[in-house]
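Starting from the given sequences, assemble the full structure and let the hints guide the process.
Chain by chain, the residues:
2 protein chains.
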Amino acid sequence: MTSSTLGAVARPQADDSSATVTTGPIEGSTKHYLTVDHLRIPLRRVQLTNGDTLDLYDTSGPYTDPGAAIDLDAGLPPTRDRWRRPDPVDGAATQLAWARAGVITDEMRYVAAREGVEVELVRSEVAAGRAVIPANHRHPESEPMIIGKAFGVKINANIGNSAVTSSIAEEVEKMVWATRWGADTIMDLSTGRNIHTTREWILRNSPVPVGTVPIYQALEKVKGDPTALTWEIYRDTVVEQAEQGVDYMTVHAGVLLRYVPLTARRVTGIVSRGGSIMAAWCLAHHRESFLYTHFGELCEIFRRYDITFSLGDGLRPGSIADANDEAQFAELRTLGELTTIAKSFGVQVMIEGPGHVPMHKIAENVRLEEELCEEAPFYTLGPLATDIAPAYDHITSAIGAAMIAQAGTAMLCYVTPKEHLGLPNRDDVKTGVITYKIAAHAADLAKGHPRAQRRDDALSQARFEFRWTDQFNLALDPDTARSFHDETLPAEPAKTAHFCSMCGPKFCSMRISADVRAYAVEHGLVTAEDIERRLAAGMAEKSAEFVDGGGRIYLPVERAS
Amino acid sequence: MTSSTLGAVARPQADDSSATVTTGPIEGSTKHYLTVDHLRIPLRRVQLTNGDTLDLYDTSGPYTDPGAAIDLDAGLPPTRDRWRRPDPVDGAATQLAWARAGVITDEMRYVAAREGVEVELVRSEVAAGRAVIPANHRHPESEPMIIGKAFGVKINANIGNSAVTSSIAEEVEKMVWATRWGADTIMDLSTGRNIHTTREWILRNSPVPVGTVPIYQALEKVKGDPTALTWEIYRDTVVEQAEQGVDYMTVHAGVLLRYVPLTARRVTGIVSRGGSIMAAWCLAHHRESFLYTHFGELCEIFRRYDITFSLGDGLRPGSIADANDEAQFAELRTLGELTTIAKSFGVQVMIEGPGHVPMHKIAENVRLEEELCEEAPFYTLGPLATDIAPAYDHITSAIGAAMIAQAGTAMLCYVTPKEHLGLPNRDDVKTGVITYKIAAHAADLAKGHPRAQRRDDALSQARFEFRWTDQFNLALDPDTARSFHDETLPAEPAKTAHFCSMCGPKFCSMRISADVRAYAVEHGLVTAEDIERRLAAGMAEKSAEFVDGGGRIYLPVERAS
Chain A
1 MTSSTLGAVA RPQADDSSAT VTTGPIEGST KHYLTVDHLR IPLRRVQLTN
51 GDTLDLYDTS GPYTDPGAAI DLDAGLPPTR DRWRRPDPVD GAATQLAWAR
101 AGVITDEMRY VAAREGVEVE LVRSEVAAGR AVIPANHRHP ESEPMIIGKA
151 FGVKINANIG NSAVTSSIAE EVEKMVWATR WGADTIMDLS TGRNIHTTRE
201 WILRNSPVPV GTVPIYQALE KVKGDPTALT WEIYRDTVVE QAEQGVDYMT
251 VHAGVLLRYV PLTARRVTGI VSRGGSIMAA WCLAHHRESF LYTHFGELCE
301 IFRRYDITFS LGDGLRPGSI ADANDEAQFA ELRTLGELTT IAKSFGVQVM
351 IEGPGHVPMH KIAENVRLEE ELCEEAPFYT LGPLATDIAP AYDHITSAIG
401 AAMIAQAGTA MLCYVTPKEH LGLPNRDDVK TGVITYKIAA HAADLAKGHP
451 RAQRRDDALS QARFEFRWTD QFNLALDPDT ARSFHDETLP AEPAKTAHFC
501 SMCGPKFCSM RISADVRAYA VEHGLVTAED IERRLAAGMA EKSAEFVDGG
551 GRIYLPVERA S
Chain B
1 MTSSTLGAVA RPQADDSSAT VTTGPIEGST KHYLTVDHLR IPLRRVQLTN
51 GDTLDLYDTS GPYTDPGAAI DLDAGLPPTR DRWRRPDPVD GAATQLAWAR
101 AGVITDEMRY VAAREGVEVE LVRSEVAAGR AVIPANHRHP ESEPMIIGKA
151 FGVKINANIG NSAVTSSIAE EVEKMVWATR WGADTIMDLS TGRNIHTTRE
201 WILRNSPVPV GTVPIYQALE KVKGDPTALT WEIYRDTVVE QAEQGVDYMT
251 VHAGVLLRYV PLTARRVTGI VSRGGSIMAA WCLAHHRESF LYTHFGELCE
301 IFRRYDITFS LGDGLRPGSI ADANDEAQFA ELRTLGELTT IAKSFGVQVM
351 IEGPGHVPMH KIAENVRLEE ELCEEAPFYT LGPLATDIAP AYDHITSAIG
401 AAMIAQAGTA MLCYVTPKEH LGLPNRDDVK TGVITYKIAA HAADLAKGHP
451 RAQRRDDALS QARFEFRWTD QFNLALDPDT ARSFHDETLP AEPAKTAHFC
501 SMCGPKFCSM RISADVRAYA VEHGLVTAED IERRLAAGMA EKSAEFVDGG
551 GRIYLPVERA S
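Residue numbers (UniProt numbering), protein chains in the order written: chain A, 1 to 561; chain B, 1 to 561.
For the record, the hints were derived by calculation from the structure and aren't laboratory data.
None of these values were measured; they are calculated from a predicted model.
Treat the hints with care, as some may be off.
A pair counts as met if it fits within one copy or between any two copies, since identical chains are not told apart.
DSSO-like cross-link-like pairs, simulated, lysine-lysine; straight-line CA separation at most 30 Å [stated by the list, open to error]:
id, residue 1, residue 2
1, Lys495, Lys361
2, Lys343, Lys447
3, Lys223, Lys447
4, Lys495, Lys223
Set out below in structure tokens:
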């Protein structure tokens, strides 16, 4: 793993002199590309010691390609600049408008190959508004991906500095680091200094779609006084970010004046930053927010760039006590109305959800969202299944995230161990991403995703055959798996040993079964029929034979297909 | 936090000179006792800065009581030695026999007070075999607890050394450490040297029930050759452990000869240590195992001591591919037959389950177990919801554990980050325990456990009111929550600051809502009626008032009851 330094020119603070981004392939994997016409779709190939290979979906961009020259000052080479862009349909130059018109775009072809599905499935899901392809025309560096329940469950990693800590260089590395471990999109939630510059650095170097919450920058422009916000200031901020290439934007247009009192009896009131800002504005001016009253104008801006709406859940529950309450579902109803409006402009839409929700109330969120929002892709934070584990909220939320994804959520917004406590550092970002890859993959398995179980089967086969290196390299985090094993058995021979320190040599059930496989092959006993015949016939003979054989179990094992 | 040294006499190895156990109260909590007649039930009281207190279920024993003198050589003072023991019923001196006869034991009274339920609920659930109270007459040091779906979900922590690593002193500390963080029972799975001595040290110092898998020690007695095992060697080992005070024993009596070939086509064969040992024996001798053929004699031993059966799932799936297969459910059917036999002897029974199971196949395991095993308490390992995350299997399994507990599992066997990779160390044990407390608590919330949500509400209220210290002290792991917060804001004033480094001062939604509460109280606007009235009446006036008020939201917030 080598690294590339953030150019001195752009280095915003002296304390960043050591700032770098991580490059080089993931342990045990090599970068490959699938070529479809002029499209070059990246994939990660894991080479196994038994000669097999397994190709995996790859979100890491050129950073894991040793052949790519990484120059953060120059930004990534554009992936999409020479792709065909169809003419607008009724003023909308969006994937939704094209899909409805039956036009197959390069972005659709690209994601179809990436997901391993027919391009017609992609087109029809996008046309129906059940899937989105967030791809601002001004973000050509991004590698298109699709968010929808018919496809693999995706995850988002939030990065961005706050006024209290972090710098541009750190945030760029967090973006590279998050996508290295599997983040499908990232959101830049910077609220401190250098918001514009930070976002520029991230966009020019990001291989995945980038989302933002424009109200944060707008608030900075009015010195943090929510009541001083205006439509004009907000609109100009959106245009500024649209020109930079932001692929999707969270808009809290569903926070209506009459909903605010519904949060009065809550244990944790309003916990969404954007939600609290808009509630402040609505109450101060006693008017519906400019996000709601100017929603049509916003749609016109979005469709010019093909920016995807992420309709924000400003009233999401911040505690178990507040889950699924009137405030939350009243806002969801309004998001449904806004979905219909946005789609009438040809603009792609996804809906943000959960927060803190106990397990028995999770499915209801998906059912209602699909019913009220025309099955627009659901994009949920967690949810956290309990409030009592600060410092472990990546885990409390992975439980809820896996369940809500199984129920139909298309993209999961990660939660790191620092949630509620502080700004996540680089290690927290990795922990959050790996944890959410687990939740997303568990949901893909539960939904019967055609390609999901191949990785589980390959890893379990490697585990059963004591191919330790393959087991590490097939893991979501090869580095940590290897280091945990080596803590107690660092010697190289242990990489092929038929046990680990958990049970020791004598008690390894897999070692016993492995001995048996050899024994079975040796004696030509490899099918279940063989066993049944032999069990029926002379067992005494077999029994003696077995004991002579050194006390191994007579248990044929077939290679899993 | 002070510590007590493991006496030199017993110290098995020179390298243990530094071995200690952890004592002293958990940060922010004090030890209290609830007195019922001659019974003294421990509880942990969290003192909050607003004057409130919250009492929590306490598994940590005398180690967190500054008033208790800890002497590992002497062992813990017996809790139960002067308790009344009723006469045996039909030869059975067990909680089950007494419950069926309508006898209320001190153990039943103790767990009823501990759970905060009527003692009759305890008696009737035990009588029905839907709950067990594992309490060997020879383990008077233990503080009785109950395992059943009508009560709080419990968790078990596995400890014990393997031939490759660890020592007695380390294992005793792991036991103390695991119960400190909430382990309801521990299992000593030692397989290396000093099995008997290690177990003696753990039992004499354990405040929670201790479980074992006797076949491990029996195998040591025959130098690790499964085919050399006999009923006599096994029986003598069981009696030896029974005399020491083991509260429950895992017995893999359901591994029948005809089931072994059913594992032939599996990706990971047989992954249970006990299961692979018994399969080896059955095939070598071509007979059903002595565990099955001598099951009645085993029941007679168990009922003399009131040892609880934990009928082992020797054929549990070790990979997603093998979940819910014929081998697994065939064994479960046999465990159902053995449950009926054990209960006919008056012996308490629980059933072991899962392993690796995808989310959509989890509920089926509980449904079948209840149908086939007379609703005996289900005790499951995880299950892991995917195979692809070695080094994160505490998380892959917490997802499955929370879901299977919601479906009715009574006790969850933890999984640590070292699963599949090595023997867990002290840190891994804590991570595993905290992770499983999360899964168990999430399930208690989902099942509507009467006391569960009090802790979530208290913590969320503290969070909303920026009582950082209370938030830390109410957390499952106060130490880590505090250290994560202090990484970026170590100064003492930050403990009352109305923000953290995650969002910074200007963007803290809770800070805004908190300002509002003050504002609302200031203006006598504390009920929803007030707001509605004011919203109806002069909003212009209010609006002006609001802006004068410094731009705070006009949003009354009531104290949550």
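Intra- versus inter-copy proximity for Lys361 and Lys495 (alpha-carbon distance at most 30 Å): Neither: 45 Å inside a copy, 33 Å across copies.
When no copy is named, should Lys223 and Lys447 be tagged within, between, both, or neither for a Cα gap of at most 30 Å? Classified as neither; 47 Å inside a copy, 47 Å across copies.
Within a copy, between copies, both or neither: which one fits Lys495 and Lys223 at a CA-CA cutoff of 30 Å? Answer is between; shortest inter-copy Cα gap is 26 Å, intra-copy 58 Å.
For Lys343 vs Lys447, is the C-alpha pair at or below 30 Å within one copy, between two copies, both, or neither? Classified as within; 28 Å inside a copy, 40 Å across copies.
Hints 1, 3, counting from the list given before, are not met by this structure.
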